[in-house]
Amino acid sequence: AQSVAQPEDQVNVAEGNPLTVKCTYSVSGNPYLFWYVQYPNRGLQFLLKYITGDNLVKGSYGFEAEFNKSQTSFHLKKPSALVSDSALYFCAVRVNSGGYQKVTFGTGTKLQVIP
Amino acid sequence: DGGITQSPKYLFRKEGQNVTLSCEQNLNHDAMYWYRQDPGQGLRLIYYSQIVNDFQKGDIAEGYSVSREKKESFPLTVTSAQKNPTAFYLCASSNPKTSGSTGEQYFGPGTRLTVT
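Sequence order for the protein chains is A and B.
For the first sequence, the residue numbers in my numbering are 1 to 115.
For the second sequence, the residue numbers in my numbering are 1 to 116.
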């Protein structure tokens with residue numbers, strides 16, 4: 001069985017400071033890893049993904065994520081946080097499961113950027 | 001949310017009534033999904049469909065039904081058998097053919113269902 005853990009329900013960071021939102025995963029085989037962002041009462045928006053290759057993945061809105069195979073982690077990062085980054089962030093993992101590629105989402109981390 | 005529409009945004013129903021949530025996409029995606037979102041629980045998969053006229057149960061299908069008669073449409077019916085239907089429902093689609101089989105999903109804006 002595959003799983004994703006987001007150990008922090010909420011992360012608070014001051015505007016302009018670097019931010020990190022943590023994600024660890026458990027999966028058999030090679031994972032495909034994703035980050036999504038959700039603003040209040042909206043659907044999820046795709047931010048970035050790791051499939052293979054360079055461990056540092058760059059995505060939308062200045063976000064990046066670092067894949068660490070030995071630590072089974074895929075932490076989301078941004079060098080300088082904006083108030084507009086305040087939202088709910090979801091990590092997700094996918095592997096092949098027969099004909100259907102099941103996606104498992106984490107429980108989400110609320111990011112609060114303080115002006 | 002581009003390309004996927006869900007209606008209505010808010011829906012109120014009395015207990016014991018069936019209700020159908022709409023999901024339409026114009027992205028020409030083959031695969032479509034329904035998720036339920038509850039506070040602190042992330043997203044849980046209800047049903048998915050990889051192709052027209054075919055769909056499969058997800059992790060929490062009991063009390064729900066779907067149809068996939070057209071590629072663009074994947075409506076979800078919440079039946080009276082669903083014990084706790086009040087939730088935020090999200091529809092998504094993906095197309096492995098164009099995303100290199102990596103399958104990132106594109107989500108609609110969601111429907112908040114309240115059953116009293």
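It should be emphasised that the hints constitute simulated quantities derived from the structure, not laboratory data.
Be aware that one or more of the hints could be misleading.
[As the list claims (entries may be wrong)] Just some of the chain B residues that point at chain A, by a computed CB distance under 10 angstroms:
{"#": "1", "residue": "PRO8"}
{"#": "2", "residue": "LYS9"}
{"#": "3", "residue": "ASN28"}
{"#": "4", "residue": "GLY42"}
{"#": "5", "residue": "GLU62"}
{"#": "6", "residue": "SER65"}
{"#": "7", "residue": "CYS91"}
Glycine included, C-beta positions come from ideal geometry on N, C-alpha and C.
Going down the list of hints, with the structure as the test:
1. PRO8: violated, 13 angstroms
2. LYS9: Status holds, d = 8 angstroms.
3. ASN28: Since the shortest Cβ distance to chain A is 17 angstroms, the answer is violated.
4. GLY42: holds, 4 angstroms
5. GLU62: violated, 18 angstroms
6. SER65: violated, 19 angstroms
7. CYS91: Hint holds; B/CYS91 Cβ to chain A Cβ min 8 angstroms, cut 10 angstroms.
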